Each structure stands twice: as structure tokens, then as C-alpha cells.
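Using the sequences provided together with the hints, build the complete structure.
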Amino acid sequence: PLSERAPTIGTNEWLRIGSTFHSLHAIAAEASPLRLLGNKNAYGADDGIEEINAGGIVLKSFQTRTGVKFVITADPGTADIDYVLREIYVLYTDCALKDPFYELEMPIRCELFTQAVDLLIERVEKGGGAYHGSSKQR
Amino acid sequence: MSRSTPNILDRPLGGRGARSEGSVSTSAFAYLYSELVQYHQSRVASISELERRLESSGYGVGLKVLELLAYRAREYKRETRLMNILQFVSSAVWKSLFGKAADSLERSIDHADEFMIVDYEPITSMYVSVPSDLGQLSVDAYLSGIIAGVLDGAGFTARVTAHSVTLEEHEVSANNAPNANSSGSGSVNNNLPPRKDKAVFLVKFAPEILERDATLDR
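As you go down the protein sequences, you meet chains A and B in turn. The first sequence begins at 1 in this note's numbering and counts up one residue at a time. The second sequence begins at 1001 in this note's numbering and counts up one residue at a time.
Hints listed in this document are in silico derivations from the structure and should not be mistaken for laboratory results. Careful: at least some of the hints might be erroneous.
Unchecked claim - FRET-style restraints, in silico, Cβ to Cβ: (1) A:P76 with B:N1007: 56 to 64 Å; (2) B:N1084 with A:L119: 37 to 45 Å; (3) B:L1009 with A:E103: 30 to 38 Å; (4) B:S1056 with A:E50: 44 to 52 Å; (5) B:G1135 with A:E103: 14 to 22 Å; (6) A:I57 with B:K1095: 46 to 54 Å; (7) A:E111 with B:K1100: 20 to 28 Å.
Said to hold, decoys possible - Pulled from the structure, derived: some chain B residues nowhere near chain A, Cβ distances all over 10 Å: (8) S1023; (9) A1030; (10) Y1031; (11) E1049; (12) K1064; (13) R1072; (14) F1098; (15) K1100; (16) L1105; (17) L1167; (18) K1204; (19) E1208; (20) R1212.
If you're wondering where the values come from, they're calculated on a predicted model, not measured in any experiment. Ideal Cβ placement from N, Cα and C applies to all residues, glycine included.
Right, here's the structure in full:
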């Protein structure tokens, strides 16, 4: 979903990207020379990949205490990505988890969730920057 | 001499953070209700069956709420008039359950025995997105069960159904203004997109009730 400038990708692509990222995240956590004790901070867990900076893209990931990861890609230099990630987490708990028709681990098809995320991105985009996409997986 | 802290099951709901006694977080209710819906959904084969089960879950609540409110209001006469009991439901019952009165109470033009109670933000469907293959399902059936319980307990047999009606243009803007100003107790999280529909509870009374009300007029 999101910004018009973002390329649209089909669901299968998302699933593939998601599972690739999940594996990379786990490998990074294992490869880290430091094992953080009690690695849960106020918002979520601390291990694993948090940010990937490349030429034309920055990818940030946010992991919750339960292992759900929110991944967002954006233009480099976009501000407030962490804020957006945390807000998406709040929206996830509100719209997806409280929806009796959402099954855990399945792609999120809750209309309320997509609308709320769209609204959030619009609201943040007015403050500048462009977001390319967000995916969520366990 | 005070007793030691009672068992957690005997303590009133709400705990230390409750602003007034007897209030519970919306999230807690939302999760519990979501489980209730999923529980029934796994045991039924059709949408109307699911709605009927939700309604009967609410029915018991309605009966008890009626008794409780009547006791607390210390009114010694029970309602016998149609309009009065409807007013009671849309204001007193709504206030005690949701913190505010229902948004409107209307009489249907086409049918003399139908009334509508409108709520723009029913608590049961605040976070629910009904998938398209379940079409007309309204999870507010639980609330219509509550209304039916109150009415039946008071002696007015009625059939109550819940419908989601798309908001008209003027209602959409009217609702977004109060939501922007509200804060604190029991109000909506402002991150949610504005609702596009309102919940209308259609109350259809049995013919005997209307006759009885008409004779009382004389």
C-alpha cells in the first residue's frame, strides 16, 4: 500500500520478501558478537537487523516482544520512520488483533487496518518524505 | 476491622486505574468480544445463525441490566408506556453500558410498529472489519440482543435486529467534529479512520404491545 510513488508488488512477492527478511534477521541475531542479556526494551526486542542502508533505500525493522516484525522501506533521509513503525504496531494491535475475522499468521486483510495505515502515512507524508512500503510478518 | 483483600475473582472490575467504578478498558472488551465472536463462528454454519447466537448472548445481559438499572434508579413504578421504555433504553441503558446516550431514537415512517435506535460508534464493531465473503453480517447483533433482553424483561416483546447503514454526507462531517475534540474517558483512538457507517437497531414490537399501548392512551 501507501505512497503513489511506491511500486506495487503482488502478495506473493511480499511473502517471499518477508520470509527472506525473517531468515536474515535471525542469522544476524546469531552472528552478533555480543549477546544482549534481557534483550527486550520498552517497545520490543533488541536483537536482529534493525536498519539496512543502501544507495536509494533505507529499510527499517521493528520487532515486538512477541517476535512480530514490522518492516518499512523508504527514501533515504526520511524522518520519523521509527515513529511510523511504532504507530503501525499500535494500529496492528487495534485493527488486526481485535478483529475476530483475522487469523494469526495470515496476510492481514482487515480493511480497517489498511485504511488506518493509509491515513497514517498521509498524515506523516504531509510532514515530508516518501514511504515505499511496509510489510509485516512473524 | 476490615477483611483481608478478597480473592481476585470477587473484586470489582477496573482495578487501580479505573476512573469511575465499574469501567473497563475498551481494549479488554474488544479482545474478549473478538474471542466470543470467533467461538461462535467456529460452531455455526451460516451468517444468520451467528447473528442469532450473538443475540442470545446479549439477551441475558439485557435482562440483568434492566433489573440492575431499575434497582439503582430507585423507581418504584415500572414502565408501561412504549415511548417511555424506549427512552429508557436509549438513554439510561446506553449511558450505563457505554458512557453516553444513544445517538438517536426514531420512529419508522413506513411501519407503525418499528423504531430505530442509532449509534454512530458501537463498541462491538469499533475494531472489526467484516470480510467481504460474510457480506451482511453485523457483529452488533450482541447489542441488539441486549436491547431485546431489556425490552422483553420489561414486558414489551420485540424483535431487534442490527443493521449497518452507510452514513449520509451531513452525518459524516457532524461526527468527525466531536471526535476530534473528545479525549480521555472512553473515547476513540484518533488513529482509526472515521467510520463510514452507523449502527441502526431496528426494534419491531409485537402487535399486542401496540394495541395495549393504544388502549392505555384512552
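Tested hints:
1. A:P76 with B:N1007: 56 to 64 Å: holds, 57 Å
2. B:N1084 with A:L119: 37 to 45 Å: About 42 Å separates the Cβ atoms of N1084 of chain B and L119 of chain A, which means 37 to 45 Å holds.
3. B:L1009 with A:E103: 30 to 38 Å: Holds, at about 31 Å.
4. B:S1056 with A:E50: 44 to 52 Å: holds, 50 Å
5. B:G1135 with A:E103: 14 to 22 Å: Once the Cβ atoms are compared, 19 Å apart, the range 14 to 22 Å for E103 of chain A and G1135 of chain B holds.
6. A:I57 with B:K1095: 46 to 54 Å: holds, 52 Å
7. A:E111 with B:K1100: 20 to 28 Å: holds, 26 Å
8. S1023: holds, 18 Å
9. A1030: Violated, because the least Cβ-Cβ distance between A1030 of chain B and chain A comes to about 4 Å, which does not exceed 10 Å.
10. Y1031: The assertion about Y1031 of chain B is violated, with a minimum of 6 Å to chain A.
11. E1049: Consistent with the label, E1049 of chain B stays out of reach of chain A, its closest Cβ about 15 Å off (over 10 Å).
12. K1064: holds, 24 Å
13. R1072: Given that every Cβ of chain A is farther than 10 Å from that of R1072 of chain B, nearest at about 30 Å, it holds.
14. F1098: holds, 17 Å
15. K1100: holds, 21 Å
16. L1105: The assertion about L1105 of chain B holds, with a minimum of 28 Å to chain A.
17. L1167: The claim holds: L1167 of chain B sits with its nearest Cβ about 15 Å from chain A, beyond 10 Å.
18. K1204: Holds, because the least Cβ-Cβ distance between K1204 of chain B and chain A comes to about 27 Å, which exceeds 10 Å.
19. E1208: holds, 37 Å
20. R1212: holds, 39 Å
Taken one by one, the earlier hints fail for this structure at numbers 9 and 10, listed in ascending order.
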